[in-house]
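Starting from two chains that each stand alone, build the complex the way the hints lay out.
Protein chains in written order, with my numbering: chain A, 292 to 560; chain B, 22 to 263.
You may find that some hints are simply not true.
[Unchecked claim] List time: in silico DSBU-like cross-link candidates among lysine-lysine, alpha-carbon distance up to 30 Å:
| hint | chain 1 | residue 1 | chain 2 | residue 2 |
| --- | --- | --- | --- | --- |
| 1 | A | Lys302 | B | Lys73 |
| 2 | B | Lys73 | A | Lys376 |
| 3 | B | Lys184 | A | Lys347 |
| 4 | B | Lys184 | A | Lys367 |
Simulated from the structure, these hints should not be mistaken for lab results. Everything numeric in this text was worked out from a predicted model, so none of it was measured.
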Amino acid sequence: MKKKELEEEEKSGKYIRRRMIISFAVFFVFIGTLIIGWHWLNTRDTDNGALGPLRKVLDVNEKVNNVFFSSNHLVKEYPKDKAVKHVRANGDIGMGDYFDASRWKLTVTRHPESTSPDSVLYLKIEEIEALPRTEITFDFKCIEGWSQITNWAGVRFSDFLIHYHLGTHSGKAPDPNHPEDMYKYVGLMTPDSAYYVGVDMKSIMHPQTILAYEMNDSILPMEHGYPLRLIIPIKYGVKHIKRIAYMYFSDTRPKDYWFERGYDYDAAL
Amino acid sequence: MVSPGKRKIIKKHPLVIRWAHWVNFPVLGVMIYSGIMIYWANDIYRIGWGDKTVLKFFPDSFYSALNLDGRLSDGMALHFFFMWLFFVNGFIYVLYTIISGEWRLLLPNRKSFKEAWQVLLHDLHIRKYEPPHIKYNAAQRIAYSAIIVMGFGSLITGLSIYKPTQFGWLCAILGGYEWARVEHFALTIGYVVFFLIHIIQVIITGWNNFQAMVTGFEIKKAKPIPMEEPAPVEEKPATTQA
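Isolated chain B (complex conformation) (with noise of 0.2 Å):
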């Protein structure tokens, strides 16, 4: 029970984590701006087969309109300071989930991967319930310890083909220079698609759901009063989101 003049608060993000999202999104968004600098003068990834090219990454208008070529000084200049920041920060991030178990909350776990299913039927609206959790659903846990992951593989084909010669044997791991080029660009678009589907996510949860990660608690909703039979106790409805 709720006592009168009051409400109940869900201690969500912690202040750490809220930093370390945010001082992300920049930092990862100037090495893509810098990154597709860099990019630009060597541009030669294209989804296609033979001579039919159904994309190409990328298109010269898009550089003009953005104003990104020409400028791989720039570029690397950009790369080789904001990559510090990108590193640090990282690194910061994953010492804290480490040490104050909050690792518990997102990496995924037994039931994750054959629960997330249900998670993408629920958000497509085909499924009515989603699985019950705890900070993050199934989907979230995989989405979210996968974006680390390839955090983590962004440092080390950026390291390969920085400095291909000292780090030779990471170089040979990734399947050599040009291929460490390829899943570095690879990434990267990686991140603009979750930062895609993220958006979406984030706008359909609605505020209380974005503003935890400012203030790092959600208000807890008044539990609506059952109208009819509660659902099956497997497939309780969600009480927070994204």
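For reference, chain A alone in the conformation it holds in the complex (with noise of 0.2 Å):
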């Protein structure tokens, strides 16, 4: 189609105004639904912190990543001697005031509403630290908007749940082909409850997702979560829970600190 030349068209004072008017009509009547659609957007009911329209869109996003995306994406590595020397400690919450490390176990439910005792297993750092070790050195991505590229060590996470036979209905070991065995979810939270998180399996599996007990070659600090951590580099550091003491296996999600305060569930990069 060839347009060089704007058209002109003769026309009666009459028709011009009557155009006009209904043109400006429909104008003011658009302007006029932006004013009350926008009022009436923040005007609704929040939920999970994120009002109700805004949070339907984000687990609609999180689908549309979930359809279009693939899990087995690696996040970049860096050469080690690239990790930060001084690692920035964003998040305090669960860190509590006093730490009593003598005390600290791993709790972990194998089933969510099992009753049997032998559905609990307990944990000491030893035995984490007897699996095989993994080491990370990648970008951690903060969703306040930072990046550090950081080194870290500890067990992958897939290796944990093959180890103990974890994250199925079964109580076999995970497998991936035979997803449908898999719990959906994995929650885990802080000694004393106050911090959260709920991970979904794929990601959980993901290769580069470690339980991390050391940073730089040494004994994870205080301040990073000591004895042990999340590090899942294909989510925003929320989710890289420090001082875990619960994990859990669940096939709806499990309660997430930040999800609760306006933040999106999956949290995914």
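Here's what the structure looks like:
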């Protein structure tokens, strides 16, 4: 289609006036709709800290991400010497004023709503350290917008679940060929239950997700979540929960601290 | 010749373009508004050198005056809602511009970059006449095409900070995560600068031009009877502006 000139037409003054009135009427209705729409949006009930319609779209975005995106994508890794020495410690919620390391243990509940005593597993840090060690140096990204190349080491979360036969309905070791047997989410909590996150199983089984007990080749510092924290490079920092004391599995979303405060549940990168 | 009782109208802006223009205005507004809420959480950009800061983005008083501080989650929720509208509206505009052939009146051509200077000199009242044009003058062709490219830039820089792992390749092309964030921010400042100049130009150009973005047509001014020598052919006075 060629279009190199503007079309000109002869019209009566009456026609021009009518067209202008109609156009401007539509224009003002449009402006009115915007004002009413904005007011409507801002007066909706909040759902976990986000305005209802916005929360719905955040959940839709998560679904869109799950359809189009693959958890096989790996986060870029860096040479170890690129890792910063002064690692930023951003959050201290759930860290408590006083921490008695001698009393710490990881409490794992195999199945939700199970009352049988052998359904709960108690692990000491030495038992976790005895599992195969994995190291990662990556660009840690905070939801606030900053990032930092950091180095961590621990056990790959998938190795941990396979070793202890966790995360499945059947009680067998999780098998990527049988995703239906796996619980959909893992819940993690600090000793005082003040900070808690929920993570989808696909992200937990990601090869770069680790339960870390070391940072820069040293034992995890107190402010970085001694003795055990989550390092999950495909999520924002808010999901990298420090000082994990409780682990459980669920087919529904476990409660999540920042989700309740208006952020999206996924926090995926 | 115009028949008695009749006036000539020039069909300037097609309906789709008018809708896309006016939908984009509030949508981009919300994107910038929510974008500042997100930026606030790590507001590290400034203009300056060494310890000297000429301009900080942004002073604390700016955030508090507009109630933009401490609202990272609000900002993210709004941003990731309105991004869809920004994308769909922009997509419709570009698709329509291509299919309808409007792009011929929009994209800069061979003469545009040379003529844009003449337009600038004209707008600054240094030069009396501006080069002849159809819908948009050379400066407008460049500015209005650039704003579309900027929109596309916001989309890809935004995607690469929203999902830097999934779009790892895109993030790498843009110079990495932190550079993509800088570029996303700089484009936003670009919109604000564009907006200010655009508003001033629209006000200067006047009602007939402005109302065409609502009605779609401009009313052709009756040709003044030449009082003196007509201007040289290549320096005809412009009929339509902005």
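Each hint, compared with the structure:
1. Between Lys302/A and Lys73/B the alpha-carbon distance is near 62 Å, which puts this suggested pair outside the 30 Å criterion.
2. Between Lys73/B and Lys376/A, the direct Cα distance comes to roughly 27 Å. Compliance with the 30 Å bound is thereby established for this hinted pair.
3. Between the alpha carbons of Lys184/B and Lys347/A the distance comes to roughly 19 Å, so the proposed pair stays at or under 30 Å and holds.
4. Among the hinted pairs, Lys184/B with Lys367/A is consistent with the structure: their alpha-carbon atoms are about 13 Å apart, no more than 30 Å.
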